[in-house]
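J.: Each protein sequence line maps, in turn, to chains U and R. Under UniProt numbering, the very last position in the first sequence is 360; numbers go up by exactly one each time. Under UniProt numbering, the very last position in the second sequence is 518; numbers go up by exactly one each time.
Hint data in this document are derived by calculation from the structure and do not stem from the laboratory. Any given hint could turn out to be false.
To be verified - Pairs of lysine-lysine, DSS-like flavour, derived with a Cα cap of 30 Å:
id, chain 1, residue 1, chain 2, residue 2
1, U, K243, R, K179
2, R, K179, U, K233
3, R, K231, R, K179
4, R, K179, U, K241
5, R, K484, R, K53
6, R, K309, U, K244
7, U, K244, R, K231
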Amino acid sequence: MIRLEPRPEPSQVMIYLSPVLAMALMLVVGMIVFTLLGQPPLKAFHAFFIEPINDWYGFGELLIKASPLALIALGLAVGFRANIWNIGAEGQLIMGAIAAGGVALWLQASTSIWILLPLMLVAGALGGMFWASIPALLRTRFNTSEILVSLMLVYVANLILSWLIHGPWRDPDGYGFPQSQMFESNALLPILIEGTRVHAGVLITLVALLVATVFFRWSLTAFQMRVSGLAPKAALYAGFKQKKMVWLGLLAGGAAAGLAGTAEVAGPIGQLLMPISPNYGFAAIIVAFVGRLHPLGIALASLLMALLYLGGESAQMQLALPAAVSGVFQGMLLFFLLATDVLIQFRLRWTHKSAVGVTP
Amino acid sequence: MHHNETPPRLELRGITKHYPAVVANQAIDLVVQPGEIHAVLGENGAGKSTLMKIVYGVVKPDAGQIIWNGQTVHIRSPAQARALGIGMVFQHFSLFDTLTVAQNIALALEPGQAIQELSARILEVSTRYGLPLEPDRLVHLLSVGERQRVEIVRCLLQAPQLLIMDEPTSVLTPQAVRKLFETLRRLAAEGCSILYISHKLDEIRELCHTATVLRGGQVTGTANPQLETSKSLAELMIGKELPAYKRSQVRQVGEPRLVINDLSRPSDDPFGTALAHIQLTVHAGEIVGIAGVSGNGQQELLYALSGEKPGQSEAVLIKGQAAGQLDAAGRRSLGLRFVPEERLGRGAVPEMSLEMNALLTGYANGLSKHGFIQYPKLRAFSNACIERFKVKAGGATAAAKSLSGGNVQKYIVGRELMLNPEVLVIAQPTWGVDVGAASFIRQTLLDLSQEGVAVLVVSEELEELFEICDRIAVIAGGQLSAAKPVAQTSIEEIGLLMGGARLMANTADTHEQQGVGL
């Protein structure tokens, strides 16, 4: 019989081993699911995890999917470290994309790429921050739950985008399809690697990784946010400004999501349409936790999550499995992570027989 | 099996308990006779609590024998201990605030008893032992002394043969202590044995027939406390003499540094205490003490002073500047340093290392620059603090929660003192700290006042306040008495104020309050 027993100290090893265990469990159960669906598990494994990245193009696809995931997860980690739960990055991504897309549609006829792209990036970040500032304002002013507000605003953002591409921003030459004009080349992020779709947005993520590494390790603000996450009373005792933490935590996520949205519409998509993102904003929450809210971990976790996206597409094409299979794997990963995280505070004990009544 | 003479009530033989890091009890022998008041004396961490938990069936010993009235027993649970006739009154009470006295007691007894019958029995037992209680009152309306009575009566209803009292006087006024001792003597006279856990030497000398002294998990001696001096008992307990305090005779008292000006405020906690018209001035170079039974507004006052709950601007002046609206950081920049009574989770972040905990309040004092953490300075600061205040820790990178309570306290006190205080507010400076460290902290406070710092000490230990303070005020029912010079007052007078002002605060209550705090 297996019994959970509290550890005297949280296990430092399990903190890092837990995501690996979760990944292994996801693979094992995934193989079982494939078998039940009538697929030979090894073939399915190959189609899901090897096939998508066995050439340079596929590897490029991995990068451009990992890039927004890592970028958003980094922004969210700033807040998550302080127990500020921004669940609405998907909405902030959409609002960032709308802001950047609006700038592109407005100025692309008359502005050079050197001015237009930076403007779009700034607009995108501001758009995401604007959307994140709503839960921040309501939380600091009325103590509402930022979890609920940010989540509900995702649907509002979706409806705004839908209205824009069905209405005022619909491409007049687009045969009535609900989408904007294609962006001109001066509103598009340049391709970095010939023969792939890897675009300059990946560089933004790399810069963000460096900035986040420095920020988390050396900045006083990050320390203060960590304190208010770990021990709110100690933060009050130290005199850290709680409202500042809430604003910063939410705005960092908003800016990152807005930039990620910009890089999508100015990158592989090249116009405003629906959907802009295959739920990168939600998947990034899983990335942040699998990556232990740490930049390096987030980078690795984003690659794994990107592979799940690609694997899902590949499984659709090669094995004729439903599109939902990506979501199943993502869900399993988070599910197993939450389960294996128990092992940080507890350890498993095998007892031969339940020894009745002897509770030390 | 019958003996001619009565066997001891309780005999422990070779009781041993090892924990992963420490040996809590090593081959402990102890004999308690019927009707004996037996002190278990020792510093924090000496193994007293573990031993009592073993007797009460909470902890299972690794080795050793427990002999109860001549029979070897294995006590596997508190329920079994109670069935044998062992009762225990814990230091921290286990009562539900929103239930009545009788309901609370009913929870601990066998189910199926009508509350009315129980109330009658409570009245009977509480009158017989001089522990007046009203069965229908809600627990949150009771003073701490009354709550302790509920716990004692709860044990007495089960007609115990052995009563374990864990540091029972730490929450009582001196007068309530007198009352408790009378009850315990009466119980002992009726044949009930009492195991009395304490580190207060005077009390043990007054009350107990025998004392077993523990140090480092081992018995270092057995004595008749009435024949010993406090000095000789202390030597058994800490292995050396209690140090005397050095304080210079010439006291230079300077300008007012901390002024509390008609501070009133309701409590956020429904069971908290509202503050009413608090008035106090602490000058440079003096130590002012605030005495009081816990729960009389100390928490609320400290939150208001530290800036964790800011209020009216003029209610708190620091070095002449209105500071009532400032948060904790703003007040710290005026020279205030504060040591809260909650160490882990408020004074320090448990999961973080000692050096990161230095940053908690030291970030404005050069440990960070332009918003960046200065790790080399942080390390140097923490190491200096650990060395100067003799903190036992595995280095500056050890997590705060890996330290014992006393060592965390030394680190927090050290941190605040190394950050150049001009006004120091310190709550329960020596709670849970061993005797050696406690005298070190008290001496440090004396030295600090000598250097011209204004020190305000809030403590429930009267002896401590009388040892170090220049003036003492009493907080009761959210009101603060005028601070009196120590030479012009006495423990008895302060004790009366601790209980008496509470009577005044409760006048709206129609229940008779006779005996409260007396």
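J.: Each hint needs a verdict: does it hold in this structure or not?
T.: Cross-check of the supplied hints:
1. With a C-alpha separation of about 50 Å, the suggested pair K243 of chain U and K179 of chain R falls outside the 30 Å cut-off, and the hint is violated.
2. The hinted pair formed by K179 of chain R and K233 of chain U fails the criterion: a straight-line CA distance of about 38 Å is larger than 30 Å.
3. A distance of roughly 26 Å separates the Cα atoms of K231 of chain R and K179 of chain R; the hinted pair therefore holds under the 30 Å criterion.
4. Proximity of K179 of chain R to K241 of chain U is assessed by CA-CA distance (about 48 Å); at most 30 Å being required, the pair is judged violated.
5. Taking the CA atoms of K484 of chain R and K53 of chain R, the gap is about 42 Å. The hint is violated against a cut of 30 Å.
6. Using a Cα cut-off of 30 Å, the hinted pair K309 of chain R and K244 of chain U holds, with the two alpha carbons roughly 17 Å apart.
7. At roughly 55 Å between alpha-carbon atoms, K244 of chain U and K231 of chain R are farther apart than 30 Å, so this suggested pair is violated.
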